[in-house]
Each structure stands twice: as C-alpha cells, then as structure tokens.
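A.B. asks: Residue numbering for the sequence shown follows the working numbering, beginning at 1 and increasing consecutively.
To be clear, the hints were calculated from the coordinates, so they are not data collected in a lab.
Each residue gets a CB set at the ideal place from its N, CA and C atoms; glycine is no exception.
There may be inaccurate statements among the hints.
[Claimed, not checked] Below 25 Å or equal to it, Euclidean Cα-Cα: the simulated SDA-like pairs (lysine to any residue) are:
(1) Lys321 / Ala659
(2) Lys326 / Leu372
(3) Lys964 / Ala659
(4) Lys326 / Arg292
(5) Lys772 / Lys644
(6) Lys287 / Asp225
(7) Lys772 / Pro792
(8) Lys326 / Arg668
(9) Lys216 / Gln193
(10) Lys326 / Ala515
(11) Lys964 / Asp693
(12) Lys287 / Tyr370
(13) Lys321 / Ala515
(14) Lys321 / Ala357
(15) Lys644 / His752
(16) Lys793 / Asn849
(17) Lys793 / Gly850
[Unchecked claim] Label pairs and their computed distance ranges (CB to CB):
(18) Ala952 / Ile500: 39 to 49 Å
(19) Glu197 / Ser167: 17 to 27 Å
(20) Ala959 / Pro376: 56 to 66 Å
(21) Met961 / Ser890: 43 to 53 Å
(22) Pro376 / Glu685: 15 to 25 Å
(23) Glu1002 / Gly794: 43 to 53 Å
(24) Gly238 / Phe288: 12 to 22 Å
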Amino acid sequence: MSHERKLSLPVESLTPEAANAASRSAGLEAKLAQQTAEAAKLDAELTRVRTDAARLVRELETSRRELQWMLTSTSWRLTRPLRMLAAASPKLTQYGRRLANSLWPRKMSPADRRAGLPENKAHAGAGLPDRDELQSLIRAAAERAADDPRVQPSAPVEGAFLQPFFSSAGFSGPPAITYLTLREAGWAVYATQAEAEEIAGPIRASDLFDAAGYTKRAGNLGALDPALHYVLVGERMGIAPSEAFDPAYYGDRYADDLPGRANRLHHFLTRGRADGRRSLPAAASLKFDRSRLDPKLDTVLLVAHEASRTGAPILTYNLAKRLRGKCNVVALLLADGDIVDDFQASCTAVIGPLSRADWHASEFKHLVRYLLAAYPVTYTIVNSSESSRIIPPLADALVPTVLLAHEFASYVRPRSMMRDGLEYATQVVFSAELVARSACEQHPILEHRPFHILPQGQTERPPARETIAAASRPANLARTFRPAGAENALVVLGCGTVHIRKGVDLFLSCAAAVAAMRPPRPVRFVWVGGGYDPENDVDYSCYLADQIARSGLEATVAFTGEIADVDAAYALSDVFFLSSRLDPLPNSAIDAAMHGLPVICFDRTSGIADILRADPSTRECVVPHLDVRAAAELIVTLAGDEAKRRRLGNGIRNVGGAAFDMDRYVSRLGELGAEAAAMMRQRAEDLATLRADAMFDPDIYLPAGADRSARSEAIVDYLTRWAAIATAPNPDDYALRRPCPGFHPQIYAHAHAGGYDTRMLNPLAHFIRSGKPDGPWRHEVVTPESLAALPPKGQIPPAALHAHFHYPELAEDFAQKLAANGTRCDLLLSTDENGKARTLRRATAQYRNGEVDIRVVPNRGRDIGAFLTAFGEDIARRYVIVGHVHGKRSPTIGGQGDPTLGDRWREFLWQNLLGDHHAMMDGIIAHLAADETLGLVFPEDPHLCDWRANRANAQRLAARMGMKEPLPPFFDFPIGTMFWARTAALTPLLELKLGWEDYPSEPVPYDGTVLHAIERLLPFVAQHAGYRFATTHFPGVTW
1 MSHERKLSLP
11 VESLTPEAAN
21 AASRSAGLEA
31 KLAQQTAEAA
41 KLDAELTRVR
51 TDAARLVREL
61 ETSRRELQWM
71 LTSTSWRLTR
81 PLRMLAAASP
91 KLTQYGRRLA
101 NSLWPRKMSP
111 ADRRAGLPEN
121 KAHAGAGLPD
131 RDELQSLIRA
141 AAERAADDPR
151 VQPSAPVEGA
161 FLQPFFSSAG
171 FSGPPAITYL
181 TLREAGWAVY
191 ATQAEAEEIA
201 GPIRASDLFD
211 AAGYTKRAGN
221 LGALDPALHY
231 VLVGERMGIA
241 PSEAFDPAYY
251 GDRYADDLPG
261 RANRLHHFLT
271 RGRADGRRSL
281 PAAASLKFDR
291 SRLDPKLDTV
301 LLVAHEASRT
311 GAPILTYNLA
321 KRLRGKCNVV
331 ALLLADGDIV
341 DDFQASCTAV
351 IGPLSRADWH
361 ASEFKHLVRY
371 LLAAYPVTYT
381 IVNSSESSRI
391 IPPLADALVP
401 TVLLAHEFAS
411 YVRPRSMMRD
421 GLEYATQVVF
431 SAELVARSAC
441 EQHPILEHRP
451 FHILPQGQTE
461 RPPARETIAA
471 ASRPANLART
481 FRPAGAENAL
491 VVLGCGTVHI
501 RKGVDLFLSC
511 AAAVAAMRPP
521 RPVRFVWVGG
531 GYDPENDVDY
541 SCYLADQIAR
551 SGLEATVAFT
561 GEIADVDAAY
571 ALSDVFFLSS
581 RLDPLPNSAI
591 DAAMHGLPVI
601 CFDRTSGIAD
611 ILRADPSTRE
621 CVVPHLDVRA
631 AAELIVTLAG
641 DEAKRRRLGN
651 GIRNVGGAAF
661 DMDRYVSRLG
671 ELGAEAAAMM
681 RQRAEDLATL
691 RADAMFDPDI
701 YLPAGADRSA
711 RSEAIVDYLT
721 RWAAIATAPN
731 PDDYALRRPC
741 PGFHPQIYAH
751 AHAGGYDTRM
761 LNPLAHFIRS
771 GKPDGPWRHE
781 VVTPESLAAL
791 PPKGQIPPAA
801 LHAHFHYPEL
811 AEDFAQKLAA
821 NGTRCDLLLS
831 TDENGKARTL
841 RRATAQYRNG
851 EVDIRVVPNR
861 GRDIGAFLTA
871 FGEDIARRYV
881 IVGHVHGKRS
891 PTIGGQGDPT
901 LGDRWREFLW
911 QNLLGDHHAM
921 MDGIIAHLAA
931 DETLGLVFPE
941 DPHLCDWRAN
951 RANAQRLAAR
961 MGMKEPLPPF
971 FDFPIGTMFW
981 ARTAALTPLL
991 ELKLGWEDYP
1001 SEPVPYDGTV
1011 LHAIERLLPF
1021 VAQHAGYRFA
1031 TTHFPGVTW
C-alpha cells in the first residue's frame, strides 16, 4: 500500500494511537508546506532587495562615471566657453547646440536604427577640424556672443566692474567668459561689485590686510581698490594680503575645512581665527640666518629628528663638526633637546627646533619653501627614519637627499614614515646589513632600488650640562661602579635610554642568572642612561624596580642616569653587555669596542652582532638570540679568566678600529651627496623634457579622484617613483603607474640598458629626446574617438562574447552595457549554480543581437576555465572573433582601506571593452574585422605589472604551446583577464584542450597559479600565432 493511500484512510478506521499519529503527521505536513511557502516568499523578497541594491549601486556608479567622463572629455573641454555662457544665459543655449551639432554630428544609436531613422552620412569623424582650430573657433564664437548687447545672463555679471581687475591679472577677453572660466577652475568669484564688497569689507578692515604692502607686491594697480583686487584675483594669484597671512599655506593646511570656493582670508577672519587656525606656517616663526654663509662653498642641509643627547642627534652633531669648513652646514632640528646650543656652535646656521605638534605634511611643505628661499642647498643628509617626513617635499622641490636609516623597520610606526623615506630619498644608507634586511622585509620597494651599507664611526659627545657633569665626577662614578666591598668586582656595563627596546629587563635577568651561577669573583651590573624613573614611569621602570627587588639584585645592580664623562664609565668597566632586543648600530657599543671591552650581544639583534660574528677572534661574544643564560655563562667565564677577557677585548678593539672609521664614513656620505646632486640635476632635465612634450598624460598616471590639472606635480611624482623602482620587478603594491598610453617605460629601459644609465635617465624623457623611435615598447592604442572615426564597417564575421558570472547580480549591469552596442554577437554565459543561471537568463531576456547560450560549469578554473574548457571547442569551431569578460568583484584587493576598488576595476574594464557612453564593443569588433594583423585587444591598464610569482608556470605552458623565444621580463597584458581576440590568435592556447583538473581548486591563491600565468601569456600567444595586439584607452575612466 502506498504512503499516499495510507494517509487517505478514514481516521475512524484506525486505532486511537494510529489516528493520533496520522493527525500529527498531517499537521506537521501542513506546517511544513506553510513554512516552505514563507521561505520561498522570503527568498523572493531577498532576491528583489539584492537586485534593487545592485541597481542603486549601478546607478550611483553610472552617475559618478558619467560626471568623470564628461569632465575629462575633449568635447567638454573644447565647448567650455559656450557651455558657461549658455548656463548664464538661456538665450545662448540653442545657439550652442546648433554649433556643437554642426561640429560633431550625432552618431546613430542602435535604438535610432531600430526606429528607422536615416543614417547621418556626415558622421564617422572624417574631415573634423584640428583640435586647436576648434578651440579657437569655439572661443571666438563665445566671445562674440558675450559681446552681443542682446545677451543678458540670467545671473548678471557686471563686466564693466570686473574687467579692469581681470585685465590686471592678465585675463583678456569678455569678463563674462573670464568669470565663468575662473569659477569652473575653482576660484572664489563674485559676479557683482556688491558680492565682492561683502567679502572685501571685513578684509579691508582687518589687521591682516596691508593695503600699501599689497599694492607694492601686486604691481601697479592704478585706481583699483587693493582689497577688491585681492578678493577678485589676488589671492589665487598667490599675492599675500600682508606678511601676517599666507593664503597658499592656509589653503593647504586646512583644505578639509575650507568650502569649495571660499576666500581664504575671509574664512580665517570669520571662522578660522576663532577655531585656533594658523595664519602663517610654523616656518614663518623660525630664523633663517645667512650671516655666516660662505658663497664660495656648497651648502649641505643636515636634518635631525630632535636635539637630544641620544644616538642619532649625536651622530648628526658629529657630521656637522666634520663637514664645517668644507661646506656651509645648515642644521634643521625637527624637535627640541639638550644639545641645541652645541649645534649652534658647530653649524653655519641652525633652523629650529620645531615643535612635534608642527609635524604635518603641509607644515613640512612650506618649511621647504622657506628653506630653499634662504639657502642654496646642494644636497641634504636626513638622519633617521623619524626625520624622513621632510623627504617627500624635498623630493618634490628636486632637492637631493641622502637618508641615513638606522632603525629596524619592524618597530617604525606609522609604516608610511619609513616607506616614504625609502621611496622619495635620492640615496639610502643603512648602518648595518641586518637593518637593511629588516627594511626589505617590511617594504618590498627597497628590493628594487640600490642602497648602501655604511657603519658610522666613533662619535664625540657634546659637552655635558652641569647637572649631568655633577653625577659624572670621578669619585661619584667610582662609588657607583665599585662601592666598598666590590673593589675587585667584574663590572658589566649597559648603556642607553631606559626602554624595552634596549632590553633593560634582559640586562637584569642576566644579572640574576650570573648570581645564581656563583661566579669566582663578585659581578656588578651598572646601567648608564636616562629614563629610569620607577615613581612616574608606569610603562616600564616600575616593573624593572619590581624585578630588581624580587630577584634580590639591590646590591649588584645600579642605575647612574645620564653622565657626562662616558669614557670614565668605560674605564671603570670590564665587560659591555648589549642587551637590546633591536638596536641597529648603537654608539655605546662602538665606544665600548674602541675602549677594548669585550662586547657581549645577542645574535640577530644588531649590526654589532654581524660584525663580531664575522671575525674568528670575536665570534664567541655573540650568543643566541635573547639567550640570557648563554650571556650569563660567558660573563661568569670572563669573571674567572682575566687573560681571556683581555684577549677578547683586544680582538674587539682591532675589529672595531677597522669597521668604525668616522673620517671614512663622512667622506663616503659626501660622495653619495654629490652623486645624489647629479641624479637630481638629471631629473630636473627630464622634468623639463616631459613638461614640454604632450606625451605624459596625468589622466592615466594619476589614480581616480586625483587633481588632473596638476600636471607638473604628477610628472615629478612619476620621475621620483621611477628612480626608486626602474627596471626591477615591481612590488605587490602597484607602486609604478603608466606615464602615458601606448608606451611601456620598463620595456624601453630594459631594451636600452646598455646604451644609457636607465636609473639616472627617465625612459620616457630619453624616448622623447631620441625622436620617439618605434620598438616593442610602443603599441597601438584605440580610443572611443578613434573607433568612431573608422570607415563604415563591412561584413562582420561571426562573433561571440563569453562572460562568466560568479556574482550573477552583476549581469544586469552587463546587459545595460551591451545595450549601447548594435553589432550581432552571440552571448556565451557561464556560472556555477542553477539558481545563478536563472538570474543570467532573466538579465539577458531582452537581448536581440544574437543567440544566448547559458551553461552551468564546475566552480573550478574561474572565468578562464569556463572560457577554455566549457566553451573552447565551440569558440574555435563557430566564431572568428571572441570576447571574454567576467563579473569581477575582487572583494579583498582594496583591503579595508578601499573595499570598492574591485568594483572600480571591473567598471574600468567593462567600460573599455563593452561600453556604455560609447559602443566600445561595436568599435573593437569592427577594428578586428577590418585589420587582419590584429589579434588581441585589451584595456590599457594604468598599472605596470610583471610576472610576479607566475613565470615558472608561464614557461611550462609556453613550452607546451611550442614557443621558442624566451619570455621577456617586462610586457603588456590584459590585467584582470578581459579582452577581445581573433579566435585564430588564441589557437595555440585553445589547442592545449585544458581540462577542469588542470585548474586549481578553490580557494584560489592571490597569485602564482596557472590562471595567472594564462592571463600574462595572452599577448605572447597571439604573437606566436602571427598577430599583434592593441589596447583601448577611455579618457576619464581609470582605477
């Protein structure tokens, strides 16, 4: 009997127990049916909400993209004068539209054709006038319109009032044009005298406007009111209202707080002053003394992060003393300290000290401006990564810099502080190889630029303050080091500011371990250096005091604080213990070595350890990493073996004498400074070359959202980054961007490596000066304009577009972009679930330009697996032209800092390959159909990327495809694996007949798989098949 039959029996024919069970079963089935229906309803609602959310995101992105595209388009720039007048006067709108239509006949859309509208035969770009002609023609037409007395702007511009002010600033032409031009450029503009006077009134009456001084700085103003002149044109021309207010600085320092077109002085008077804003940069309060400059000498700028009696500032002080007399020495002190007066006595001039509260990028930018106005700096030595904040503005001003990086990168925070120094410095010097390795681990960019390892020499300490000197008197020191009863003790010395990095707790642990070993003579541990304050330092000192008490070390450990005569401390000591966890090359250890003390240190914690380990006579002084017991055992051995202690001490003195030579160190820094100056002179020449040529394109070089009007600044940034990276493999942070479409600087530099210094000369500048020769570094670039200018297309061969969707909610945006095109093209769609396939079918239900084939494929191989394995045979058999895109999300590529980066990347790729504003798919298919030499078309990505971890996989695949030529180190490829191709150009790849087992299983690693290798091999596959590639560039669309 069937289950259904049982349920249909009358309840009264069953036993009471069976009836109850049947009743419960029926109730449960009814409840299940109800919950299933509710679940289906909720699922449908969730799908609708997701669809609506995706639509809203698309609409927002479309609006943003349309605005960006419009603002950067050629037509927007050329028609700016007419557009501004039309906005001001509705009477001009129709006139402007007629002119625009006469210059750019509207291209027929697929919808126009479906509606049966006649083709505009004048279209296709033939016979368009030159851009300069268009600019001149449009501007002339706009100016004639502006002079027409019948034209009355809807918001009247008082031309007669504005004209003399505009003319004084060099703006010719009708004032209405100038007014609108300046407004669009972001200036604070005022259409009427009443509007301008509303701003000028408070300024005129303020103590920050000096009318006489302003008039002198502005030149001959004639009868023009100085305050009105400042408000209308002067501020943005960079003319200061007085010596008490710097509008350029105020705009930089408080950019986030300033309304878009606010007058900066008016903002300060009405709001900024009350909010505690500054009217002048911190540099304005500093003294820039030139009285002791010798004009016959070079000027070297030394930068110290502070003037304390510690390692890096003392080294800077020593550099100043040794350089003085050979050159003018200007010291910049970024913070205060005990040895400011010592710098004053040793330098030609001292700037500062600054306050740490002034460590802001805008303050440093304007500080550099003041510095360069006062001193002809030949090169700069920036001592320590803490000082490297000053390096980017120095590099922007083309000042050569030598960075002395002493710190381990692992403890420098924020990380950007050291990274900026390493990236922007002209030369980089590390004090020890261990320090350099740490920097390479934290900042991969360093692996791709030259650097130097120079241990500094023994330093001379500045004279001590009286309070320190009192503690350093011989009698006082002797009582501390060797009190009564411990005259014959072995004294172990430790030095440095009390800090966890210095390992003072390890110093104490070693003292406890030594005491437990019962050495043959008493052993005392003495720490010299400031910072031990158990009463007030709750972060470290109080725990050290507790450690001393609990370990019973009160009688064997002493802290002296700072002392003046460190030499006396060394003389009173027998062994130096460098207990630091991380300490690059401490001056105290160098001093100890030069005094002949055995220096015991931990392995892999300092440059001293590397030097001692390298010599057989001192190798045993290096104990395993943070192994306190091993250090204690060596100390106990030396306590009982005076001959060995002396032998080790002599060996360390010999090793130190060879390694630590201050004269050699200073001389080498001078050589590096001279090299840096030569490099920067070449960079200045390259800058002039790139400024004078139109090739450098900030639209592709700068990231999305950057100010593209600052072309010179973008060129300087490109030159700086190139100097840091050059032809070395790129790090993973996309540090180098393309300077212009159609040119690969690394290919050019690599090809010319034997012809010129590729790190000294920028490849784009060299390419321009060489007459822009052809070679593998150049390739064809197609744009929406060039595709639109193609001759009318003939017969289009069979074409298909494959699109893979792991995220099916993107299919609607895909369909919307397809709608901008009219070419017949079949759609080959793939996804990994049946539910997703239904979403794809709904999204493409209205597609009428070809067949739609949707397949569910294994979730393996991502988009490439679906393209080659699921559709490969059909593509090879049925189609001449094929495209490949996918619903890229890359949710982790931007990290937490920018979770939308993956979406922007996909939008960039789809706009270039499918279109929306332009029918890019139509144009690319037509171009492939018309040019039989063209085999591959992909977007011109702004990032320069190389093999990364994919070369080995690529070589194996290349060999399977019969490629004999070695794969070059630098090349162009479709980053993101989206492209259009002639099917014949993909034949070598398709003939591999890769199966699903050839692809990695999920989750796929970020890099280093066969998928990433195929992505990079595509141009080589096309070339192997006998074809070339081209790229697309859509101005205004980037990521």
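A.B. asks: Find the hints from earlier in the document that the structure breaks and name them by number, from lowest to highest.
C.D. replies: 3, 5, 6, 7, 10, 11, 13, 14, 15 and 21
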